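Protein chains: 2
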Amino acid sequence: MEFKLLANDPGSKARAGELHTAHGVVPTPIFMPVGTLGGVKAVHMRELREDVKASIILGNTYHLYLRPGTEVIEHAGGLHKFNGWSGPILTDSGGFQVHSLNEIRKITEEGVKFQSHIDGSRHLFTPENVVDIQRSIGADIIMAFDECTPWPCELKYATDSMHRTHRWLDRCLHRFNATDPKYGHEQALFPIVQGSTFPELRKASAEYVAAKHTHGNAIGGLSVGEPEEEMYAMAGLCCDILPKDRPRYLMGVGTPWNLLENMAVGIDMFDCVMPTRNGRNGMLFTREGVVQIKNKVWADDHSPLDPNGTSFVDSAYSKAFVRHLFVTNEILGLQIASLHNLAFYVSLMTEARQHILEGTFSSWKARMLPKLKNRITG
Amino acid sequence: MEFKLLANDPGSKARAGELHTAHGVVPTPIFMPVGTLGGVKAVHMRELREDVKASIILGNTYHLYLRPGTEVIEHAGGLHKFNGWSGPILTDSGGFQVHSLNEIRKITEEGVKFQSHIDGSRHLFTPENVVDIQRSIGADIIMAFDECTPWPCELKYATDSMHRTHRWLDRCLHRFNATDPKYGHEQALFPIVQGSTFPELRKASAEYVAAKHTHGNAIGGLSVGEPEEEMYAMAGLCCDILPKDRPRYLMGVGTPWNLLENMAVGIDMFDCVMPTRNGRNGMLFTREGVVQIKNKVWADDHSPLDPNGTSFVDSAYSKAFVRHLFVTNEILGLQIASLHNLAFYVSLMTEARQHILEGTFSSWKARMLPKLKNRITG
Chain V
3 MEFKLLANDP GSKARAGELH TAHGVVPTPI FMPVGTLGGV KAVHMRELRE
53 DVKASIILGN TYHLYLRPGT EVIEHAGGLH KFNGWSGPIL TDSGGFQVHS
103 LNEIRKITEE GVKFQSHIDG SRHLFTPENV VDIQRSIGAD IIMAFDECTP
153 WPCELKYATD SMHRTHRWLD RCLHRFNATD PKYGHEQALF PIVQGSTFPE
203 LRKASAEYVA AKHTHGNAIG GLSVGEPEEE MYAMAGLCCD ILPKDRPRYL
253 MGVGTPWNLL ENMAVGIDMF DCVMPTRNGR NGMLFTREGV VQIKNKVWAD
303 DHSPLDPNGT SFVDSAYSKA FVRHLFVTNE ILGLQIASLH NLAFYVSLMT
353 EARQHILEGT FSSWKARMLP KLKNRITG
Chain G
3 MEFKLLANDP GSKARAGELH TAHGVVPTPI FMPVGTLGGV KAVHMRELRE
53 DVKASIILGN TYHLYLRPGT EVIEHAGGLH KFNGWSGPIL TDSGGFQVHS
103 LNEIRKITEE GVKFQSHIDG SRHLFTPENV VDIQRSIGAD IIMAFDECTP
153 WPCELKYATD SMHRTHRWLD RCLHRFNATD PKYGHEQALF PIVQGSTFPE
203 LRKASAEYVA AKHTHGNAIG GLSVGEPEEE MYAMAGLCCD ILPKDRPRYL
253 MGVGTPWNLL ENMAVGIDMF DCVMPTRNGR NGMLFTREGV VQIKNKVWAD
303 DHSPLDPNGT SFVDSAYSKA FVRHLFVTNE ILGLQIASLH NLAFYVSLMT
353 EARQHILEGT FSSWKARMLP KLKNRITG
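Residue numbers (our numbering), protein chains in the order written: chain V, 3 to 380; chain G, 3 to 380.
Wrong hints could be hidden among the right ones.
One copy or two, it doesn't matter: identical chains are merged, so the pair holds either way.
[To be verified] Within a straight-line C-alpha distance of at most 25 Å, the following computed BS3-like cross-link-like pairs (lysine-lysine) qualify: (1) Lys296 <-> Lys373; (2) Lys298 <-> Lys83; (3) Lys108 <-> Lys158; (4) Lys296 <-> Lys83; (5) Lys6 <-> Lys55; (6) Lys246 <-> Lys6; (7) Lys83 <-> Lys373.
I should point out that these hints are in silico values taken from the structure, not numbers from a laboratory. Just so we're clear, the structure is a prediction, and the values are computed from it rather than from any experiment.
Work out the full structure: start from the sequences and follow the hints.
Listed below in structure tokens is the structure:
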């Protein structure tokens, strides 16, 4: 796996690059649609490729481990064969999900014991078996097993948790280096910086992670409730320490403006369920602002869904028709909103990248931010 | 509106033709996907056109009248503009739906008083206002307002109901002839033959309808619980009376084998929610038989969804992946099954039509029927 850094924005720390994987080249900055269970909710793989123009998608280790299970995925020949997505895939480690199971999980030095949210069955995730599962899934990028601390978080807990995450990282890397890919293509492991919103912890964690010289690095534990300014500050602090010649992935972030602000401090990769989840609730992100398509104001508005949109749904359907589909609980409404939002996110990254390459990112971002945050009410 | 009869099958009463409408040519026999609320459930308009290869779709007067309402549709410039489907549209009259409201509707000579299934509000459908609503919707083919009798049905009730349906037809035609299309394109009104499963009534009703010399004719009140052989017998009896030079539409039918059997007695047009509704329950129709994709037997079957399928989903996804999507309640599973089934229905019509044109329909049908009815269990 190779990362080519192509440009640094003169007015910020934004970068443009290319991540070369066994399943294709990923231009950065990039947004990765989330395919929790292997498929991106309400969007065909063909649409992801041709309309959203996604170049990499996510899968979720916790969910895929429970259903369909690693055995079925192995029989298919890996997740690429199972879900029919032939481009690059990144899998999260399941850390975030199992820690979210609050009442039905227990963290020890060994790993995390948890109960399935589906049938209550008992399972154990360890740094070692989480690497093994991701080997079976066949992801191009494997994430280390970490603890995503809640926010706010006591300094003592955040410190102890960070050190455990570091020890788990060493065990992940040990297992990773002792095992081979199962399907003949290269896999890379990205460690995850933790440390809550404590600058000293973030600094220590980023230094610990940087010293591992992995193909790429991630920042976790942000966008969990802290103020946006703190998120940007923590991400920037980590970026200043993480190697310049490797991609930096900020996990689970965020709104369109969050993406631009985090790019400006040096982030290259993003994922978030927001475009699909909020889309299914009728929230549309556009370059002129946020639209709640269920609102009555759109009931008789027969203009195109998004005149500035890049995907076919933006001109094929009107605001009034999509509002009607939401009001009548038609699945097609969820499909349209999900596809629109993902295409918007990816096209915003493409546009940002072009501005970085041309050295005009900062002024463009300054113009875009107030528009993106605008609430369009008719 | 013009119907060109191109071929009669030598071994049956099957016909191949072309129905010319203001929004395009419909090859017959044809299957019309149902877009109850304006959109076909879980299928994009682009997919309907390019993948399903639908040449005409249905809208539902009852549902569209309640939501979004005729005013919004008029402001859009008709349903074609509202839903973005630029091909031909047929609207049912709402008769079937309001009669299905059993407890919350009352039939009188004037029409049907009913309560909305959404908010309980009170409404009245009459032959006149149902024509007006369909003028506002702008359907290429408008259906007469009728009573769809339940099955079984007393002779007395079926007789009285049929005569009322005939009187309503006269009122529909009177209103239709006294009004103009609203959007500049031609609309045609199809009357509906009723009479339950009483041959004398069906004969009387078909003769009544035939005498109106409309652009096309429909047969209603079948596929409501009667044995399949009775359905075919009644459809055949009506076809023998209805004009040869006009298309014959059998409403709300049915399974793939129902379609072939009814073609053989002279039916040209079909619609049914079965491919989409059953698809959403995991039932896939294929040329080798019926598959219940949720069954455990498919959990580890990584072969293409349907190796004989004509749509992209058939090769893009495996049985195991689609089964996984259904088991995990992913919307994408509903999308895949709906698109597959509709594409299969339409392609089966295309193949049947080719055999009618070549004079080989009957032997082909005899070979196909046992395969279509087969239950594939792995």
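To see whether the hints hold, each was checked on the structure:
In this homomeric assembly, Lys296 and Lys373 come within 25 Å of each other (Cα to Cα) only inside a single copy, at 21 Å, whereas the closest approach across copies is 46 Å. Proximity of Lys298 to Lys83 under the C-alpha cut-off of 25 Å is restricted to the inter-copy arrangement: shortest distance 20 Å between copies versus 44 Å within a copy. In this assembly of identical chains, Lys108 and Lys158 lie within 25 Å of each other by CA distance solely inside one copy; the values are 18 Å within and 72 Å between copies. For a Cα distance limit of 25 Å, the shortest separation of Lys296 from Lys83 across copies, 20 Å, qualifies, whereas the shortest one inside one copy, 37 Å, does not.
When the C-alpha separation of Lys6 and Lys55 is checked against a cutoff of 25 Å, the pair qualifies only within one copy, where the shortest distance is 21 Å, while the shortest distance between copies is 44 Å. In this assembly of identical chains, the alpha carbons of Lys246 and Lys6 lie at most 25 Å apart only when taken from the same copy (10 Å versus 71 Å across copies). For the homomeric pair Lys83 and Lys373, neither the shortest alpha-carbon distance inside one copy (41 Å) nor that between copies (30 Å) is at most 25 Å.
Checked against the numbered hints given earlier, this structure breaks only hint 7.
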